[in-house]
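Novice: One-letter residues, chain by chain:
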Amino acid sequence: MRAMYLKLLILLALCLGLSSWSVSTFAQNLDASNLYKRSLAATCANCHGTDGQGVIDGGMPLINNLTSEQMLAQLKAFKSGAREGTIMPQLAKGYSDEQLEIIANQLGKKQ
Amino acid sequence: MDRRHFINHSAAALGLLAGFSGQAKASLQKAEILVIGGGYGGATAAKYLRLFSNNTVKVTLIEPNPTFISCPLSNLVVGGSRKLSELTSSYDMLSKRHGIKIIQDSVTSIDPDKKTVKLASGKTLHYDKAVISPGVTLMMNSIEGLAQANKAGVTLQAWKAGSETTALHQQIASMRDGGTFAISIPEAPYRCPPGPYERACQVANYLKQNKPRSKVLILDANQDVTSKGALFKRVWAEQYPGMIEYLPKHNVSAVDAKTKTIKFEIQEDLKAEVLNILPAMSAGEIAVKTGLANSNGRWVNVNFINFESTAQKDIHVLGDSIQVAYAMPKSGHMANQHAKVAAAAIVAELSGWEVNPAPVLTNTCYSFVNDKEVVHVASVHQYNAAEKTFKPAPGSGGVSPGPSTLEGVYAWGWAHNIWADSLG
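Protein sequences, first through last, are from chains A and B. To convert, take the position in the first sequence, counting from 1, and add 82; that gives the numbering used here. To convert, take the position in the second sequence, counting from 1, and add 19; that gives the numbering used here.
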C-alpha cells in the first residue's frame, strides 16, 4: 500500500512538477529578462532620472520626450561621434550596440 | 495523507526537479533585507531593492543622520559660494513612496553567523541579506598628533559633509589676508580622488575675492595629481596664478597643533594658518569591525557580480568601502551604480533566477574650478567574466577639453537627478 502510494505520489509530483516548473520557468525568464533590462537602463538614472523621468528644470537635458527610435538614433550618433557633446559621447562609446538598443527600448516614450 | 503533507512532498519533488539544493532559502516575499548606511550607496540600494522586486521584498534602512547631506558639491560650501541646506535632502520619500522602513540609529555590531545586527539603542534585528554602505573611516592615527589637533579644534577634515564643512569655511573666513591654507592628501586610494584639488580651487576662489594676498598650499602624498591632473594644473596657472602652490610627493607624517606645523616623511616642516589634513582612509568602521576588510585590513573585497563580501555570505558591501577594481573611483556616483547591480543581483537570487552575468557601471564626476565653471571625468566599466572584475570599456570615457559654465549647469543637473534617483 505504502509503495503504491509513494509511486503515485512521485508520478503526480512529476506531472504537476514538470508542468508547473516549465510554466513558472517561462514566467521567471520573462521577469528575469525584465530585471536585466531595467538594471541596464538604471545606469542612466543618475543623470536622467529613475526610469528616465528626469528632474524638470534641474539643469540636465530631459530624455523622456524621445521615442525609443529617436533615443537609439541619438545614442548611436553619440557613439559614432556624429553628434558632439560633453559627457554623452564618452559614455555612449562604453556600451555595445545591443545594450544601447535595450536602454532605448526601456527608456523611450511609450506610444 | 493530509493536504499539507502532500504539498510538502510535492514541493520536495519539485525542488529536486528544479535542481534546488533543498536548503531552506528566503524567498523574495519572506526575505528581510537590512540596508546599513543611507549615503549614495545605501539609499539607492534600499530604493532599487523595492523597485526591482516590484515592491515585494521587505527593506529596512538604518542611518544615524536625520537627513542626507551630499558630499559632492560640498566644496562649494567650504568656499562659501553655496550653503549646506542646498545640498540637504530628506529621507521621507524612501518610506512614503517606496515603503522602506527607516530607523534612525547606528549599527554597533553585526553577527554574520546568527545573521543579526545590533543597534546603538540596544535593539537586535535579523536579516536574510545585509547591504552595507558605510563610507570611509579616517585613520587619525596614521598621522602623529592629528587626533590631538582635531580635539583641540585646530584641524578638521570636512571629508564627510556636515557641520565640519561649514566650520572649515569659518576657519578660512577668519584667516588674515596673507595667511596660508594648507590641504594635505593621503596616498590613493581615498574617497573622491579629485575632491582635494577641487577644494583647493574653491578656497582660492574665495581668497581671490576676499583675501587676495593669501596662499593655498596643496601637499600631496602622491606622485602627481590623481585625477583630472592637466585640467587642474591649467586652472591653477590661469585662474589662480601665484596663489595655489602644488607640492607632490609630500607625505604628512605629523602635525603639531600648538605651532600649526606640518611635518613630512622627507621634506622640511611647513607652517600654515588653516590646516586641512586628510589622513589615510579605510572602509567604514562597521565593515572593519565585522572582519570584512580583507584587503590589507583596509578595504572590503567583493564579488563584483553581486557585491557580496568575499569574507561573509549574504553581506553585500557598496561604495567607498570596497577594494575597487582597476580605474574605479571611490565616488558617490559609483556607489549609486554599485547599489543597482547589487539590488538586481539580490532580487534575482531571492527569486531563484540567474544573476545578470554582464553588469555595467558608469562614473561621472564634475569638479567646480570656481563658483560657476566645471570640468568632468567620465567612464564606463563593463564586467569581465573571465577575470571576474569590472574593466573600463575600451575607447570610452574621458575628461572635459577645459572648464565651462555649461558643465556647471550640468553639474547641478547631475546633483538634482542623482539625489532624486537615490532618495526620491
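Hints were generated in silico from the structure; no laboratory data involved. By construction, the Cβ of each residue, glycine as well, lies at the ideal position given by its N, Cα and C atoms. It cannot be assumed that every hint is accurate.
Restraint-style ranges between C-beta atoms, simulated for each label pair [claimed, not checked]:
#1 Lys191/A - Arg195/B: 43 to 49 Å
#2 Ser162/A - Asn322/B: 31 to 37 Å
#3 Thr329/B - Glu151/A: 40 to 46 Å
#4 Glu166/A - Ala139/B: 38 to 44 Å
Novice: Each hint should be assessed against the structure and marked as holding or not.
Specialist: These are the hints, each one checked on the structure:
1. Lys191/A - Arg195/B: 43 to 49 Å: 58 Å Cβ-Cβ, so the 43 to 49 Å window is violated.
2. Ser162/A - Asn322/B: 31 to 37 Å: holds (35 Å)
3. Thr329/B - Glu151/A: 40 to 46 Å: With a Cβ separation near 43 Å, Thr329/B and Glu151/A satisfy 40 to 46 Å, so the hint holds.
4. Glu166/A - Ala139/B: 38 to 44 Å: violated (52 Å)
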